[in-house]
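Chemist: Sequence:
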Amino acid sequence: MRLNLNNEQLRRLVEREENFEVSAGEVMPEELLQTVIDEPEITLNWELFPIKEMMKRGWIKRTTRDIHKQASSIMQEFISALPADQPMRAFCRRTFKQRTESSMDYYALLAWTSRILIRARTDSSPEKYKAGTVNGDFMREVAHLSVSDEGPLLAKSFLEEHGIVLVVEEHLPRTKLDGAAILSSDGNPVVGLTLRYDRLDNFWFTLMHELAHVALHLHDSEEAFIDDMTVGSHDDILEKEADRLAAETFIPKGVWRPSRARRQKTVKSVVDLANKLNIHPSIIAGRIRYETGDYQLLNDLVGHGQVRKFFN
Numbered sequence: 101m102r103l104n105l106n107n108e109q110l111r112r113l114v115e116r117e118e119n120f121e122v123s124a125g126e127v128m129p130e131e132l133l134q135t136v137i138d139e140p141e142i143t144l145n146w147e148l149f150p151i152k153e154m155m156k157r158g159w160i161k162r163t164t165r166d167i168h169k170q171a172s173s174i175m176q177e178f179i180s181a182l183p184a185d186q187p188m189r190a191f192c193r194r195t196f197k198q199r200t201e202s203s204m205d206y207y208a209l210l211a212w213t214s215r216i217l218i219r220a221r222t223d224s225s226p227e228k229y230k231a232g233t234v235n236g237d238f239m240r241e242v243a244h245l246s247v248s249d250e251g252p253l254l255a256k257s258f259l260e261e262h263g264i265v266l267v268v269e270e271h272l273p274r275t276k277l278d279g280a281a282i283l284s285s286d287g288n289p290v291v292g293l294t295l296r297y298d299r300l301d302n303f304w305f306t307l308m309h310e311l312a313h314v315a316l317h318l319h320d321s322e323e324a325f326i327d328d329m330t331v332g333s334h335d336d337i338l339e340k341e342a343d344r345l346a347a348e349t350f351i352p353k354g355v356w357r358p359s360r361a362r363r364q365k366t367v368k369s370v371v372d373l374a375n376k377l378n379i380h381p382s383i384i385a386g387r388i389r390y391e392t393g394d395y396q397l398l399n400d401l402v403g404h405g406q407v408r409k410f411f412n
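All residue numbers for the sequence shown refer to the working numbering, where the first residue is 101 and numbers rise by one.
Because the hints were derived from the structure by calculation, they are not lab data. All clues stand as given, with none of them false.
Distance windows between CB atoms, simulated:
| id | residue 1 | residue 2 | range |
| --- | --- | --- | --- |
| 1 | Asn375 | Met155 | 46 to 52 Å |
| 2 | Gln396 | Ser203 | 26 to 32 Å |
| 3 | His404 | Asn375 | 19 to 25 Å |
| 4 | Ala231 | Arg165 | 46 to 52 Å |
| 5 | Glu391 | Lys169 | 51 to 57 Å |
Using 27 Å as the maximum straight-line C-alpha spacing, the simulated BS3-like pairs for lysine-lysine come out as follows:
| id | residue 1 | residue 2 |
| --- | --- | --- |
| 6 | Lys169 | Lys152 |
| 7 | Lys276 | Lys340 |
| 8 | Lys197 | Lys340 |
| 9 | Lys152 | Lys276 |
| 10 | Lys197 | Lys228 |
| 11 | Lys156 | Lys276 |
| 12 | Lys365 | Lys353 |
| 13 | Lys276 | Lys409 |
| 14 | Lys169 | Lys156 |
| 15 | Lys340 | Lys230 |
| 16 | Lys409 | Lys161 |
| 17 | Lys197 | Lys276 |
| 18 | Lys152 | Lys409 |
| 19 | Lys376 | Lys353 |
| 20 | Lys276 | Lys161 |
| 21 | Lys368 | Lys353 |
| 22 | Lys340 | Lys365 |
| 23 | Lys376 | Lys365 |
| 24 | Lys156 | Lys409 |
| 25 | Lys197 | Lys230 |
| 26 | Lys340 | Lys353 |
Built from N, CA and C at the ideal position, the CB exists for glycine as well.
Working from the sequences, and respecting the hints, build out all of it.
Modeler: Shown next as structure tokens:
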């Protein structure tokens, strides 16, 4: 999803509200997106942002009964907290590369990604990120943290030490999100996770998938990778590459294919392989469930309810 506006278009967006609207729940088709880019008279419909829900969650501190009349000022106040020299430009600049089959509410998506960037600045003090930090060795170090009972917290700290911010924020209504990879205006990668499924296998694979985007694809601060991990990568080359790197990081193909865990699908075979690879058994159980399509299989190994507690 692309909404790239130049400075003049942004000025007009702030000062005028006319000629163009995106309806709630709609996803802009490519031909319409190009019209948005080319059309000089463009605006967002501020009233379509999920302001009531944002207030409920404490994202917006102002209280008012008349959201309709104050939507523009409320949202511009929210935008002003973005970590950028030009907050409005940062708000509207995103090229959303989506992995989702469902209709995505553009306004909710824009609000959520902005919230991630705001929290990345206010909730953490990461080191300066060095390009090329995230590679195969780095990702394997993250994978090995999964064996700890406090693995998710260790991963968050480890990433921050290397200039990568991990933010956990529940998704908004009408968005089916698991994770996102965004480059902040200061060059630090930001990984956002929703914990839509509070399971260890989901946490670790989604985290590794987003780190794969950082390693392979995230080079532009005007891009954001948005992922619903229940949707297959299909013909999306970038998503296939991220899936492949994440899977290979946890369980190399040469180990997986001949493994007893893949063939037998028993608790013992899963635990034995996890010990061999120095990763949490939930990751292997999740791989088996995904490949077989049987999500009742090895249900006691995937770590239900073992992630969100660390981030409440």
